[in-house]
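K.L.:
Line by line, the protein sequences are chains A and B. The first sequence finishes on residue 215 if you use numbering that gives the first Met the number 0, and the numbering steps up by one all the way, no holes. The second sequence finishes on residue 276 if you use numbering that gives the first Met the number 0, and the numbering steps up by one all the way, no holes.
To be clear, the hints were calculated from the coordinates, so they are not data collected in a lab. Wrong hints could be hidden among the right ones.
Partial list, computed: chain B residues near chain A (C-beta under 8 Å) [what the hints assert, rightly or not]:
1) Asp-40
2) Tyr-46
3) Asn-49
4) Ser-176
5) Tyr-179
6) Leu-200
7) Pro-205
8) Asp-206
For every residue, glycine included, the Cβ atom is placed at its ideal position computed from N, Cα and C.
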Amino acid sequence: MLKLAALLDLLHGAGITVAVSALAIAAGLPLGLALAAGRTSGMPVVPALCAAYSSFVRAVPAVTFVMLIYFGFPALGVALDPLPAAVLALSLNTAAFNSEIWRAAIADFPRGQLEAARSYGMTKRIAFWRIVFPQIWRSSLPSLVNEMTLLIKASPAIAIIGVVDLTRKARQIAAVTYEPLPAFISAAVIYGAALALVVAGARWLERRLALRVGAA
Amino acid sequence: MRTSQLVRLVLLCAVGMSSAFGAGLEEIKKRGYMLVATEDDYPPFEYVVNGKPMGYDHALLAILRKSAGFEIRQEILPWQGILPGVASGKYDAAVTAAVITDERAKSLDFTMPISESTMAYVKRKGDNRIKSVKELTGMTLGVQQGGASFQVLPDLEAELKAGGGKLGKIAQYGAFSEAYQDLANKRLDAVIHNIVSLSTLIGEKPDQFELGQRVGKKSYAAWAVQKGNKSLTEFLNAFLASQKADGTLKKLQVENLKINFDDLPNEPLLPGDRKMN
């Protein structure tokens, strides 16, 4: 069993995991939407750039991406502290995955509705915010929530630059006690609880939406 | 391993993109601080208990802080990020027990040794199949991926072959605590690690494990700086030499490492007591 002091230490790591993940989710959702909008915009060059970004980031393992930002960016004149670098890396990472979800929803959107909105005189921008967005965010919600849970599970990658998250705390405790199992099992239970909260929150939101607008 | 190859790729990119040199002593004095990186799960050298960094290197760092004349900032991170960080110039020095190897000497400069770091093996207590290095033939061994315990394997293989044996299965771990767990679980027959860390393990778990013989060439652990950063290397060497001369180094070894080394050289030596060229 873990001692109380070690358990509190572990909870401190859990706080870091939750805070960094929450910030990355908050930044990654709009960023992903912007990328998807860029890809479906029909402007020159922009769709190709957005697609290249999305493919690159999704292909690079999270841990490599974190190192690239922390150790590589100073050469470009951007030297970040570990915590901001961790949030930035996870935000940019999850934005790429989110953009694919948003893009699929936009591509699936019935063209007829859009044409109707345009023929009422709405600009593209107004049509997007009034007609398209309110519908796609509802249909994308389950996939977005799934990506949030994946992000939380990818977050231990930030330990490589010295951000002590839940998994790293468990490893530190394992290193001094020479018993990895109690620390890692405790960490697994905390991860489980955090993910269950995210999923429960999403379910609640879905149910409320269903009541308000009827089953979509 | 796929991941370690990618990490190496990033390291190469980072080194390639970074400005040619990390901060020399002059530059450190001008900016007012030195940034060092230490590890967080490497007892007895560096480890963290309830958020507080402890161990041999921290004891040395505390003394250096008093005498340096400039601030010393510290970042604590996993081993896998430390040497890439120093090689790319993100950190001025790795204040950790980095084993001096031929491969690392190509991309990093080392201070004088802070400890011997010859590899040895540890086995389960009472495992009578293994009495010496010779009996490691065909056994399943645990090592750390990318670590010195991995790099000693060719030496061990040569030693076993000379006695008519062969190298058995090798399992690579990210952290030694997991390797020890697998040794206790009988998934491994022995774990290879440096003699200091194993002495500490035996001190903590005398009923479970037993220290074996040394494996491979005699080697040393030292602090690392970016290749070519002479002024910083000389500064750190002068500090360590003074600590060795007045007996502090030995005292800290006894307190922290549970083993002490009287014959540490005053310059970094490659495995097998070979001079740097």
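K.L.:
None of the hints should be skipped; say for each whether it holds.
P.N.:
Verification of the hints:
Nearest Cβ of chain A to the Cβ of B:Asp-40: about 3 Å, under the 8 Å cut. The hint holds. With 8 Å as the threshold, the beta carbon of B:Tyr-46 comes within range of chain A, its nearest partner Cβ sitting at about 5 Å, so the hint holds. A hinted interface residue such as B:Asn-49 counts as satisfied when its beta carbon comes closer than 8 Å to some beta carbon of chain A; here the least separation is about 5 Å, so the hint holds. Because the beta carbon of B:Ser-176 sits about 4 Å from the nearest beta carbon in chain A, less than 8 Å, this interface hint is met.
For B:Tyr-179, the interface hint holds, the least distance from its beta-carbon to any beta-carbon of chain A being 6 Å, beneath 8 Å. About 7 Å separates the beta-carbon of B:Leu-200 from the nearest beta-carbon of chain A, less than 8 Å, and the hint is met. With a least beta-carbon distance of about 12 Å to chain A, the hint placing B:Pro-205 at the interface is violated under the 8 Å criterion. The interface hint given for B:Asp-206 is broken, as the beta carbon of that residue sits about 12 Å from the closest beta carbon of chain A, more than 8 Å.
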